[in-house]
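Enquirer: Fit chain V to the known structure of chain L by using the hints.
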Amino acid sequence: ETGVTQSPTHLIKTRGQQVTLRCSSQSGHNTVSWYQQALGQGPQFIFQYYREEENGRGNFPPRFSGLQFPNYSSELNVNALELDDSALYLCASSLPSGTNTGELFFGEGSRLTVL
Amino acid sequence: QKEVEQDPGPLSVPEGAIVSLNCTYSNSAFQYFMWYRQYSRKGPELLMYTYSSGNKEDGRFTAQVDKSSKYISLFIRDSQPSDSATYLCAMGGFNAGGTSYGKLTFGQGTILTVHP
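So the sequence lines, in the order shown, correspond to chains L and V. Just so we're aligned: the first sequence equals residues 3 to 117 in the numbering used here. Just so we're aligned: the second sequence equals residues 309 to 424 in the numbering used here.
So that you can see chain L by itself, here it is in the shape it has in the complex (with noise of 0.2 Å):
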């Protein structure tokens, strides 16, 4: 079973330019949320996908945006970058709705420096 994979592992942006981040889902799993860990600090929410559509999001201005496409894998986008979005971006899967325990695998994420 092949699991949650991210692309790419680390990236250097200057502020104001813009960046996308990949995620492959674990196989079977059909819902994908985004996670924003600074350093030092735990993960907070971005949002999450489920067929092809945002179904919840956190505290995160629109500038941060996404998408899932038809094979569950998705992409997190971030417009006009600022320091602060520096930053581990985690990508997690999930089981199909139904039989969605809440339980989230995570991909090794990919580090975002801002300078």
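No wet-lab data here; the hints were simulated from the structure. A few of these clues could be false.
List of simulated lysine-lysine pairs, DSBU-like, C-alpha gap at most 30 Å [stated by the list, open to error]:
#1 K310/V - K378/V
#2 K411/V - K378/V
#3 K375/V - K364/V
#4 K364/V - K411/V
#5 K378/V - K15/L
#6 K375/V - K15/L
Chain L is nowhere near these chain V residues, computed Cβ spacing over 12 Å in every case [claimed, not checked]:
#7 Q309
#8 V321
#9 H423
Ideal placement from N, C-alpha and C gives every residue a C-beta, glycine not left out.
Expert: Same frame as chain L, now just chain V:
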């Protein structure tokens, strides 16, 4: 006030010690409780999951939930150097249909170091 507060540590203990990690929460809507372990430069991995008050044991790990006090704990017995990691408590709720919201609220994490 944060919804979930976790004793930040860091904790440094000798091998073989019993470790206690704790979180408090304020949101009564939380119905399930988890502990994740995160090694350096890795994603979190699930250690324990419970949705009822009381104790749940899995090997050297025991998760304890007290919903009346809004308090959860993780105990690690006979701690090993390989247990050195950041431990994150996490909580979530179910909607009316019995499906989880999918959003977990995490504590800030406790860095644990077990030295030989």
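Enquirer: Broken hints, numbered, in rising order?
Expert: 5, 6
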